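Q: Listed below, chain by chain, are the residues.
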Amino acid sequence: MLAWKYLRWALRSASWLWLASVLLLPGLAGAASLPGPVHAVVDANTLPPVPVAGHEVTTLEAACILPGSAMPPGPQAAWRHVTLPHIWRETHADEQGAMWYRFRVTMAHAPDALWAIYLPRAVMNAQVWVNGVPMAYTGSMSAPVTRNWYVPLLVQVPTGAWRDGDNVIHIKVVSGFMSRDGLAPVQVGPLTLLEAPYKTRLFLQVDGAYFANTAVLALGVFMMIAWMRDRDQVAIGFQGASAVLWGVGNSAYLAAHPFFGDAVWAPLSVTAMVWSALAMALFFRRFVGRRSRLVERGVLGLMLVTPLWAWLSASVHLIVFGYGVAYVIFMVCMVQAIHGVIKSDRRDGVWLLGGCALLVPAAAHDVAFQVNLLPFDAIYTLPFVSPIMMSCIFYVLAGDYARSRRALNRLNGNLAETLAQREAALRESFARLAELERAQAVSAERSRILRDMHDGVGAHLTSALRQLQSPQENKVDLGLVTQTLRDSLDQLKLSIDALSLQPGDVVGLLASLRFRITPRLKAVGLELVWDVADLPPWPQGHAPALRQLQYILFEGLSNVLQHSGATRLTLSAHAKADCLEVSLIDNGRGWSGEGEGQGLQAMRARASVIGARIAFLARPEGGAELRVSLPLKADSGPDAELDLSSAA
Amino acid sequence: MSSLAAQEVWRVVLVEDNQATRTFLETCVKGHAQLRLAASFATLAPARAWFAEQGADLLLVDLGLPDGSGLDLMRDVRQHWPQCDMLVVSMFGDEENVLASIEAGAVGYVHKDDEAADIADTLLAVKRGASPISPMIARHLLRRMQPAQQALRPVEPAVVEVAPISTEVDSPIVLSRREQEVLEFIARGFSYAEIARQQGITVHTVQTYIKKLYGKLAVHSRSEAVYEANRLGLLNHFGSQFKPQA
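Chains as they are written, first to last, in this note's numbering: chain A, 2 to 649; chain B, 446 to 691.
For the record, the hints were derived by calculation from the structure and aren't laboratory data.
Any given hint could be a false lead.
[Said to hold, decoys possible] Here are the in silico distance ranges between beta carbons for each label pair: (1) Glu541(B) x Val610(A): 34 to 42 angstroms; (2) Ala606(A) x Gln464(B): 22 to 30 angstroms; (3) Gln464(B) x Asp579(A): 52 to 60 angstroms; (4) Ala576(A) x Ala638(B): 21 to 29 angstroms; (5) Val610(A) x Glu471(B): 40 to 48 angstroms.
[Stated by the list, open to error] With a Cα cut of at most 30 angstroms, we get these calculated BS3-like pairs of lysine-lysine: (6) Lys634(A) x Lys577(A); (7) Lys577(A) x Lys557(B); (8) Lys572(B) x Lys476(A); (9) Lys661(B) x Lys572(B).
These numbers come from a predicted model, not from an experiment.
Even glycine gets a Cβ: it sits at the ideal position worked out from N, Cα and C.
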């Protein structure tokens, strides 16, 4: 199953593999053709001069070499004959400082046009002498040597420097910090012909490499910022760090004039490169969801010791060993990533595989180059392949981001839609409920008003009508009818007052009652004693209950006015421990009159409806007291069964 | 009031559409030596025309007239004849109508079913600087003047129904401590005489407090109107530099 997957993914990545082979395999194939060195000591003049023609470029592939002196040594010095490219280590192990290369060319006539000598690769810096005359050069030839180890040099030779016949060219190459010193085959010819290959090489080794490097740096910074804004995206953070470090390290290698001395500069560039590889290794693991703390800490620990190692490593071997460790970790993690991608059929995984398919041969090529398995003037591929690889990875990550954003948008869209639906449904049900409640309230209010009209105004108006229709038409009691109509109006006013009473406001009820009946009391000359204290709210005193209380008191007042013959009436209201006590006390004849039975029964009935106690008492000094007790606790009211907290 | 003022005769204008009530009110006015019926109208238009020409000492006006509201007439009269005291002829003396009348400039009201003598007394009392007020109106005003949570104590008991405390725009009316006390007594049902006894002041003083209160309410309603007009952008003349940012 997994094997099949691997096969499928290999097929999917086929175009990448093909691309890698086309771009890089020719370079690898050339690895075998490294010429063997020759080191016999010879008289430099015995070697035949190389003929050069005025209209073509001649490649000088052999030279006499001699380490040492400041000035070009004479032909009888201890020259050795070598073929180019020549690497110092092969003939002069541990040689540092300068190496002279001696060429003899012969030409029929000195050239009229401007000629040049082109050095595709001289490590680290070189100066050209023609017939004993030093040519112009840029940079430093003594420590710290200008780092032209990867910069092609094109030296223009003034026409006057050449002679007809034999000419001697000396090239002085100087070494630098831990460089593979040496010289690649040199070309001589007209400037116009040499400019093109020089420019191509300059672009590939310097300008283009800088350009690609800047791109990687920018991409890395971009990814770092993305990670900073979303710290959970650790994979992006690692990849960004890797890209930035790669850019920094590579720039350090490319820079011809370091900011600091070699002691700092070289470790800096080495450290950056190793860190870059390790950071990318961590990215690989995170990318496929491997998040072992132990491994990550181990790798981070390696990163911590990297600068120390880079700074302390004096020998190339140690440096190579360090790189080797970092690259092995890198490769293991990369294999894990590839395995994870294939196993989980990760989306866009082919881009990662493609990137790796380019990166691995490129890295192999560059390592082979570094260990002299490739021509001395080969060109590093990683500066160009790395940006491609990192772009591939970024392409995958950006795809993840775009997909999650789209998913979120879809989710939001769905959510908003669902929410809108729910809201609409809710609003509708609320509206229905409100409508229902309103209808209920209206109907309750309507029945209350109807009952009110029936008990109050209606009853009185009917009475008035009956009184006017009395059988003895001539003896209509106008006073009685007027009284009944006044009662009716008073009831109407009281019911209007009741509308604006606050729930439980017994004092307000009594005050409005007094205000309404004062004209009546004045008319009959009844003195009213107002003994109303400030009362707490009556808990059960909702609107209908207050209205019932109004009826009871109005009925009691009517009784006093009509039947008691009293001259003084006291309305007292006080708060007791468990109730509000409202009393109507008169100084009249007391509860003995006729026809009161029905009125008292009605009052009793009303009182029981609102959970109030009512008492008809006789005063010791004569007169009657109507006492209504309004309970302050719910337990004695009609709502008692609803109050579950009540102990009684 | 000096004795000279007491003998003064007040010109009364009457606006009432109900024939029987108008006749009754006319009788009330005519029946008192200190009152003279200057004019009597059944509709708003002729009354307005009359006040465009001349004033009066007292205006007795019904609110619901066939061609408009008595409130409009009162607003006009208050503006042109500030000396004219205005009373409303009310059926019930209910909160809503009385408050609207006070804010339109009324200083009192009479009930349609009051006795004739009571009506004449009320008119003269108003001229002497008194204003009638009911406990229900007093309670309403107290509610309006206090923050909701410390309104009259009998508010929000344990019953389920919680009536709205006040539906109109609540804005504070500033009262003196004495005025506040008097209002509280009235809200509890005490008569002017009882209040005067309790507070050690004269009944007349109590009545003056009430009339002042009426004035404050009317002024209050005016400033509210200005504020409201400003808010609605009607007074662009003053507020033109504050363009609403649409």
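Q: With reference to the structure, classify each hint as holding or not holding.
A: Hints and how they fare:
Separation of Glu541(B) from Val610(A) is about 29 angstroms and departs from the stated range, judged on CB atoms against 34 to 42 angstroms. For the pair Ala606(A) and Gln464(B), the supplied restraint of 22 to 30 angstroms is violated, since their beta-carbon distance comes to about 42 angstroms. For Gln464(B) and Asp579(A), the hinted distance range of 52 to 60 angstroms is satisfied, since their beta carbons lie about 55 angstroms from each other. Our hint of 21 to 29 angstroms for Ala576(A) and Ala638(B) holds, since their Cβ atoms are close to 26 angstroms apart.
The hint said 40 to 48 angstroms for the Cβ distance between Val610(A) and Glu471(B), and at roughly 46 angstroms that hint holds. With a C-alpha separation of about 12 angstroms, the suggested pair Lys634(A) and Lys577(A) falls inside the 30 angstroms cut-off, and the hint holds. For the suggested pair Lys577(A) and Lys557(B), the alpha carbons sit about 40 angstroms apart, so the restraint of at most 30 angstroms is broken. Proximity of Lys572(B) to Lys476(A) is assessed by CA-CA distance (about 43 angstroms); at most 30 angstroms being required, the pair is judged violated.
The suggested pairing of Lys661(B) with Lys572(B) holds, with an alpha-carbon distance near 18 angstroms, which does not exceed 30 angstroms.
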